[in-house]
Amino acid sequence: MRVGIIGGGAAGLAAAYELTAQGHFAEVFEVAPFLGGQASTFDIGGGRLERGYHHLFVSDTAITELIHELGLGEKLAWLESRVGVYHSGQIWDFATPMDLLKFKPLSLVQRIRLGLLTFVLQKTRDWRKFEGVTAQDWLTRNLGQDIYQAIWEPMLRGKFGEYYDQISMTWLWGKIYLRVASRGKTLQKERLGYPMGSFGEVFDRLEEVISQRGGRIHLSARVNRIPVEEGAATGLETQLEGQEPQANLYDAVIATTPSYVFTRLVPPLPRDYEEKLLGVRYLSAVLVILALDRPLTAKYWLNVADRSLPFVGVIEHTNMIDPSLYGGNHIVYLTNYTPRDSELYSRSGDELLEDFIPHLQKLNPDFRREWIREYYHHKVDGAQPIIGVNYGSQIPDHRTPIRNLYLANTTQIYPEDRGTNYSVRMGREVARMVMEDLGQNPGDQR
311 MRVGIIGGGA AGLAAAYELT AQGHFAEVFE VAPFLGGQAS TFDIGGGRLE RGYHHLFVSD
371 TAITELIHEL GLGEKLAWLE SRVGVYHSGQ IWDFATPMDL LKFKPLSLVQ RIRLGLLTFV
431 LQKTRDWRKF EGVTAQDWLT RNLGQDIYQA IWEPMLRGKF GEYYDQISMT WLWGKIYLRV
491 ASRGKTLQKE RLGYPMGSFG EVFDRLEEVI SQRGGRIHLS ARVNRIPVEE GAATGLETQL
551 EGQEPQANLY DAVIATTPSY VFTRLVPPLP RDYEEKLLGV RYLSAVLVIL ALDRPLTAKY
611 WLNVADRSLP FVGVIEHTNM IDPSLYGGNH IVYLTNYTPR DSELYSRSGD ELLEDFIPHL
671 QKLNPDFRRE WIREYYHHKV DGAQPIIGVN YGSQIPDHRT PIRNLYLANT TQIYPEDRGT
731 NYSVRMGREV ARMVMEDLGQ NPGDQR
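So in my numbering the end of the sequence shown lands on 756, straight run, no missing numbers.
In case anyone wonders, no lab produced these hints; they're calculated from the structure.
Just so you know, even glycine gets a beta-carbon here, dropped at the ideal spot from N, CA and C.
Take these hints with a grain of salt, some might be off.
[What the hints assert, rightly or not] The calculated lysine-lysine pairs, modelled on BS3-like cross-linking and capped at a C-alpha distance of 30 Å, are: (1) 414 - 385; (2) 499 - 485; (3) 412 - 433; (4) 672 - 414; (5) 586 - 689; (6) 586 - 485; (7) 439 - 385; (8) 412 - 499; (9) 586 - 414; (10) 499 - 586; (11) 672 - 586.
[Said to hold, decoys possible] Derived CB-CB ranges, DEER-like: (12) 406 - 680: 22 to 30 Å; (13) 573 - 406: 39 to 47 Å; (14) 679 - 441: 22 to 30 Å; (15) 680 - 485: 12 to 20 Å; (16) 435 - 705: 44 to 52 Å.
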């Protein structure tokens, strides 16, 4: 069986890995000059760093198992995370129940109430009960307006911008549920996973294995359209860099593009399916990455619960990973999520840096511009789907209305939030779906 795959991110590579493991031919086309999609890397200080911050939770079993299958298990380190929140002009520890009890912006009664409700959410497995209510409504009803405005509203505004009051409580439940899973049964401090050598090394090994099994991977390769005959996908029209367009015939096609890209590649789809695709709104991640000569804070993950700061998160990568891997640079991600038509998205890296620098002194009064050795500016489109109420009923099926054409993208990850682990899981599941639908047993080929 021959399968064409659009996209060389985690889902596309995982699908190709699964197909080639069963003796089938898979050919991947990635428009970027690198693999990895949202978890792709770039070189810094002699090491490789993700364009967007990435780590694993203990519950991320799909990618953990894949890393071990690839022979990289010894590279996967589980490290203690240090979490904080910036509120009321200072950084507060926010990793354990004891930290919550010391969080003075809330009264003692409010802290206890927040702690008890968080514990209830951590123990709740049925996410469906949150499907029909927004996080704003559920939290204000169960915690009160003061607690909601102090903690959750600034974070929701920072993550989802103008859509903050439309986000389903299921999304927030997932965040809390995953966090406690990474602390283990005894609720010790959170431990997060990271492949020492970067996620880029995982993608490189995937490429190597896929190629050894007879698959092919093309970079800087554009897919112009997905030809359809008599209601079935027949292949891909592709264009490699510097070459003329070429027709490629496949028994099935898997697209891992964002939904708004997918609709441009296919003929008009049935209205109900197309409405699900076009009904999804995405935010882009806008990141400024600082390479400093010393640490900025003592935290790995710092939530910014103060909208006077022009970024929502500060992830200090080298407060978990040794700076020696990056030439002694201390790596700090300053993050925002924004629509592509926003003013923030359109600004240059220089403009963003100039805006951000004065606010870094709020996090560390000793901070000086001279600490910055280098900075990097990245934009990742389609980074965060807007997860509204009753989202589960709006998810398009992996099996599209066009026969032999399958869709696997981040809008179909639910109730979990998008992430590398779930993209790997989805890619392998859709590959098995293709084999099942086309009646191909392991080892059979067309």
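Now the hints, each set against the structure:
no., hint, result
1, 414 - 385, "40 Å, violated"
2, 499 - 485, "16 Å, holds"
3, 412 - 433, "23 Å, holds"
4, 672 - 414, "18 Å, holds"
5, 586 - 689, "25 Å, holds"
6, 586 - 485, "24 Å, holds"
7, 439 - 385, "39 Å, violated"
8, 412 - 499, "16 Å, holds"
9, 586 - 414, "44 Å, violated"
10, 499 - 586, "40 Å, violated"
11, 672 - 586, "43 Å, violated"
12, 406 - 680: 22 to 30 Å, "35 Å, violated"
13, 573 - 406: 39 to 47 Å, "46 Å, holds"
14, 679 - 441: 22 to 30 Å, "47 Å, violated"
15, 680 - 485: 12 to 20 Å, "36 Å, violated"
16, 435 - 705: 44 to 52 Å, "20 Å, violated"
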